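Residue numbers (our numbering), protein chains in the order written: chain X, 288 to 821; chain C, 34 to 341; chain F, 3 to 341.
Rather than coming from a laboratory, the hints here were simulated on the basis of the structure. Predicted model, so just to flag it, every value in this text is computed and none were measured. Mixed in with the good hints, there may be bad ones.
Distance ranges between label pairs, derived from CB positions [stated by the list, open to error]:
{"no.": "1", "chain 1": "F", "residue 1": "PHE7", "chain 2": "C", "residue 2": "ALA198", "range": "44 to 52 Å"}
{"no.": "2", "chain 1": "C", "residue 1": "ALA206", "chain 2": "F", "residue 2": "VAL317", "range": "25 to 33 Å"}
{"no.": "3", "chain 1": "X", "residue 1": "LEU591", "chain 2": "F", "residue 2": "GLY85", "range": "50 to 58 Å"}
{"no.": "4", "chain 1": "C", "residue 1": "ARG245", "chain 2": "F", "residue 2": "PHE6", "range": "38 to 46 Å"}
{"no.": "5", "chain 1": "F", "residue 1": "VAL174", "chain 2": "C", "residue 2": "SER105", "range": "54 to 62 Å"}
{"no.": "6", "chain 1": "F", "residue 1": "LEU325", "chain 2": "X", "residue 2": "ASN695", "range": "51 to 59 Å"}
{"no.": "7", "chain 1": "X", "residue 1": "GLY741", "chain 2": "C", "residue 2": "LYS158", "range": "55 to 63 Å"}
All residues carry an ideal CB built from backbone N, CA and C; glycine is no exception.
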Amino acid sequence: MVRRSFSRFFSFLALSFGAWLIASPVFAQSKVLLFGNGAEPQDLDPQVVTGVPEHRLIDALFEGLVMPSPDGQGVVPGVAERWDVSDDGLVYTFHLRDDARWSNGDPVTAHDFVGSYKRMLTVSLGADYAYMLFLAAGAEDFFRGKITDFAETGFRAIDDRTLQIKLRQPAPFFVKSLAHYAWFPVHLPTIEKHGGLTRKATPWTRPENIVSNGAFVLREWRQSQRIVVERSPTYWDRAQVKLDEIHFFPIEQSDTEERMFRAGQLHITNEVPLSKIAVYQREQPELIRIEPYSGIYFYRFNTLRKPFDDVRVRRALAISIDREALVKFITRGGETPAYSFIPPDIAGYTSEYKLRTDVAEAKRLLAEAGYPNGRGIPRIELLYNSLEKHRTIGEALQQMWKQRLGVNISLYNQEWKVYLDAQKSGNFQFQRAGWIADYVDPHVFLDLFQTDGGNNNTGWSNTEYDRLLTASLDARSEEERFAIYRRMEQILLEEVPVMPLFFYTRARLISPRVLHYHSTVLDNFPWKHVDMTP
Amino acid sequence: MTTSVQPSPASVEVEQGTSLWRDAWLRLRKNKLAVFGMIAVTVIALACVFGPMISPYSYEEMNWEDISQGPSWRHWCGTDDAGRDMLVRLLVGGRISLAVGLCATFVALIIGVTYGAVAGYVGGKIDAFMMRVVDIMYALPFTIFVILLTVFTREIVTTYQLGPAFDIMLLFAAIGAVEWLTMARIVRGQVMSIKKMEYIEAARSLGYSPLRIIFRHILPNTLGPVIVYTTLTIPAVMLLEAFLSYLGLGVQAPMISWGSLIEDGQRKMEEYPWLLLFPAGIFSLTLFSLNFLGDGLRDALDVRSSKD
Amino acid sequence: MIRFFTSRLLQSLVAMLVVITVTFFLLRAVPGGPFTQERAVTAETERALNEHYKLNDPLWKQYVDYLKNLTPKKFQPSEFTNGFDLKKAFGVDFGPSFRYSSRTVNEIIADKFPVSIDLGLTSLAIALLLGLTLGVIAAAKRNTWADYTATTISMIGISTPTFVIGPLAVLVVAIYLGWVPASGWVRWEEVQAGTQSLGDLIRSRLLPCCVLGFAFAAPIARLARSGMLDVLNQDFIRTARAKGASEWRVIVRHTLRGGLLPVVAYLGPATAGILTGSFVIETIFQIPGLGREFVTSAFNRDYTLVLGTVILYAVLIMGFNLLADVVQAWMNPKIRLES
Chain X
288 MVRRSFSRFF SFLALSFGAW LIASPVFAQS KVLLFGNGAE PQDLDPQVVT
338 GVPEHRLIDA LFEGLVMPSP DGQGVVPGVA ERWDVSDDGL VYTFHLRDDA
388 RWSNGDPVTA HDFVGSYKRM LTVSLGADYA YMLFLAAGAE DFFRGKITDF
438 AETGFRAIDD RTLQIKLRQP APFFVKSLAH YAWFPVHLPT IEKHGGLTRK
488 ATPWTRPENI VSNGAFVLRE WRQSQRIVVE RSPTYWDRAQ VKLDEIHFFP
538 IEQSDTEERM FRAGQLHITN EVPLSKIAVY QREQPELIRI EPYSGIYFYR
588 FNTLRKPFDD VRVRRALAIS IDREALVKFI TRGGETPAYS FIPPDIAGYT
638 SEYKLRTDVA EAKRLLAEAG YPNGRGIPRI ELLYNSLEKH RTIGEALQQM
688 WKQRLGVNIS LYNQEWKVYL DAQKSGNFQF QRAGWIADYV DPHVFLDLFQ
738 TDGGNNNTGW SNTEYDRLLT ASLDARSEEE RFAIYRRMEQ ILLEEVPVMP
788 LFFYTRARLI SPRVLHYHST VLDNFPWKHV DMTP
Chain C
34 MTTSVQPSPA SVEVEQGTSL WRDAWLRLRK NKLAVFGMIA VTVIALACVF
84 GPMISPYSYE EMNWEDISQG PSWRHWCGTD DAGRDMLVRL LVGGRISLAV
134 GLCATFVALI IGVTYGAVAG YVGGKIDAFM MRVVDIMYAL PFTIFVILLT
184 VFTREIVTTY QLGPAFDIML LFAAIGAVEW LTMARIVRGQ VMSIKKMEYI
234 EAARSLGYSP LRIIFRHILP NTLGPVIVYT TLTIPAVMLL EAFLSYLGLG
284 VQAPMISWGS LIEDGQRKME EYPWLLLFPA GIFSLTLFSL NFLGDGLRDA
334 LDVRSSKD
Chain F
3 MIRFFTSRLL QSLVAMLVVI TVTFFLLRAV PGGPFTQERA VTAETERALN
53 EHYKLNDPLW KQYVDYLKNL TPKKFQPSEF TNGFDLKKAF GVDFGPSFRY
103 SSRTVNEIIA DKFPVSIDLG LTSLAIALLL GLTLGVIAAA KRNTWADYTA
153 TTISMIGIST PTFVIGPLAV LVVAIYLGWV PASGWVRWEE VQAGTQSLGD
203 LIRSRLLPCC VLGFAFAAPI ARLARSGMLD VLNQDFIRTA RAKGASEWRV
253 IVRHTLRGGL LPVVAYLGPA TAGILTGSFV IETIFQIPGL GREFVTSAFN
303 RDYTLVLGTV ILYAVLIMGF NLLADVVQAW MNPKIRLES
């Protein structure tokens, strides 16, 4: 529309002026992917970092026993060629491929894995994701200092090419969780050389020092500017790697990204500005891709404070809003309205119990709780972290509750860390929140609300729920396990300590030159499958 | 530098007394641009105060039938992406921005001018101390200061059940507290150059008190830069307000201000240009008007130029 | 003169200590710490992190340790010019960054400050050139079309924030016209190494420097105009004119020095600000400068990085305010440097 006529006028100007100014196509021959990666990574040590931008970089640089499959749902062999599971589901034996190599030529052995896990579970490293390894027998005890000999844990290198991991419970999603970088190996001699095995923050991840085992190696790391990785000459599957280089740009502003994309400086963006989504869908639908993302946007009640100590009030708020309108008019990124807590397309799990929008019922519940038409209800304040999107969603819901229930809610925003501080200390009434899965399984989401869990933050506690959570890890079949999860989800939605709003999606601009790339539900894609037209 | 120059004797000004302001007013009225500026600012301010009361629309109510409409007879300035009438949002936003802009600037003006004048006039150790304090205040991390302030405000507001007006007052205070620094440095420089002039020496020998000399004889001669810097402070303060609101200090949603409307509009300028054009337009118009008014005031108050 | 400078240096050191102390304790008073994050970590991990960064020590001890690490221990300026390394050159250690765990604050400053200086100096040159020209023309041709044009241009600069001009300039010049890249920064090293051409370097700087320069030119123009007008109305100028001096000579010889006093007072802090980078410009143009760290380090509660940037800024503020005082005294003999 406006943009078109503008650009027509200016393209005339462009042709008639200053040819020397026009940038030369530097990357014409080689396959160099320019990728918008969100934020500057905190580090590139797979055992220390926690964020999504780091995840994508580490997937390029390192390889675990298994890697995510291109469809994002399952896993495919990585360093492990194949694996066997014992009949009781407790012992996994991984057979490593003999051509797996570190970037300095060393073979990747089972001892590397065991040593890496030992490093991860050593408290002084301060690894946030150490608890991911607690699935293995003895791991938690070692971490908490109850056993000191690592040989007593379930990790064992039978020989150079055979790794055995013994679990403490069958945990059927174990192999899937191995695709998470917490389980990736690191090159111990390199780390040793640059400051010690269990010290955080050593310079071993610098381009001149790092040794890795993935499809790509690190060539350049300029903070806040770019990170360049290039194809690894030692990677076992190097023949399948299509790209010569990937340039990761740490761009936090989606507007900046979108302009770079239009100027040809990016092939894939991390996000799309909200106001541009509809424009691209209308005018250049071939460039924009919106895909599901395994995360949920929800509001959290503090069930220890009035009026949310009353389940009827929580339920009244949860069933009185129009989620369809919210995603259609406010979020506008193709999100799915959430009437349950577990995102669709997660490992074949489907939710059965769902919230039903019912304003009359909500009014009745509210009256029953002693607040007919919202009269006499204590002051409610919704806390959100400072971001335009959260503000608009808050404003829309504020209006719905006012019109439909007569309940007035005030909005309050805080800077991110102040907001987190309020969340952790329970110093809030009603709060916006979100959760993104670490691996593709419903367990990730249901695990949040166990009594006094570190991520619960609602004050809600239910003994039956806790019991089911433990039982789910012992379930022997997928059906049995999912049946337990459905029961848990129902408890959660009946008690509504949290109010689901919508499931996230991922919108990206992707150049037509990029082949075989799509966002998986975890928003990481195995780089070695990506290709580009010349 | 010529040294034989005699500036207009101080006694002349003193004798004029009250008629100085009357003369200035008469001169101001003859300045067409200044009169235009005065009228424009008044009209904008009145519209912001009374406009939302007579508008059929509400600044906060979303309307999903009217999302992102261009300007029309129904919505003169179009609607935003939640279907809210832009005109009424502009006017409501103007209340906050004008209040913050004018009040915080006034605070900064009073502190800055007094501080700078005293430091410049007294000189010596006291001046050195005062200016090092200014250096320190420049260097302290503003973002941290503001985050801390939001936390304390919240404690106080929730403990004593104070209304949102208190938040906004703190906003003025926070902005005023940082914006006076450069003003103080400018005034100090001016005062130092004026205080050695012969007519000040004369006033001093007549036994006038330092305060009288500063406020009656020196400050009127620093008005030029002071007025200009004041007109520079107003937009800075209005935009700073948007940043502070972002950090959680000051106005809370669904309240808005010009700063946040412009910030929001610039993201959407290609698709919905009116979301940027109208807020940026009224913002610029206000600043231009204030600037014309400021220039006019300066000319009107400048005794020397009246001889032309 | 020497007494003035030594006294000023001592004063500044005391002021510096106040800045460091206040910032240090302000930071600890703010809710949320460097390791506060949404995902809960185990108590053991949290303790290990706090131990590693010595956050478990009593606060006074952390403060004393920090000051000890800051104290200069040697003097080898040659090391400093060769890569900006404060630790090698003076033994000043700002400590490790909490957020970017494999880097030290010294490294981050050494990496990003030169970029900001580079951007800042170019922008400052543009700002001075444009601002002074507009201001002087406006004052000399008061109440003519030239004055009105200059005033309008500078008022546009004042009333249009950089976060509007920046994206607008990118859209028009980079995207519609395609003359320059939409963002990015080419360093001199890259030109020397031959990976980028000089043309690339100029193209990458054109927009950010002009936008930032314009933003600072506008206030300079306004202050210059008003300061000049004040002087032009004084009697000694009338005398000079009466003696038949040309208008140009009047301006250059007699008016500039006195008329630019307010500009100089403004330039002290403004230069310190422009050299330490601009958050908005660096975000819009994806420039790896220090300006973004001022804001994001506070959000990340990266204690050491906040302190490092604050100290750097404080040094510049005090330095440039001193310079401004000296220049003011040189421009107007009535102002004396007092110790």
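Structure-based check of all given hints:
no.	hint	result
1	F:PHE7 <-> C:ALA198: 44 to 52 Å	49 Å, holds
2	C:ALA206 <-> F:VAL317: 25 to 33 Å	28 Å, holds
3	X:LEU591 <-> F:GLY85: 50 to 58 Å	55 Å, holds
4	C:ARG245 <-> F:PHE6: 38 to 46 Å	30 Å, violated
5	F:VAL174 <-> C:SER105: 54 to 62 Å	28 Å, violated
6	F:LEU325 <-> X:ASN695: 51 to 59 Å	56 Å, holds
7	X:GLY741 <-> C:LYS158: 55 to 63 Å	56 Å, holds
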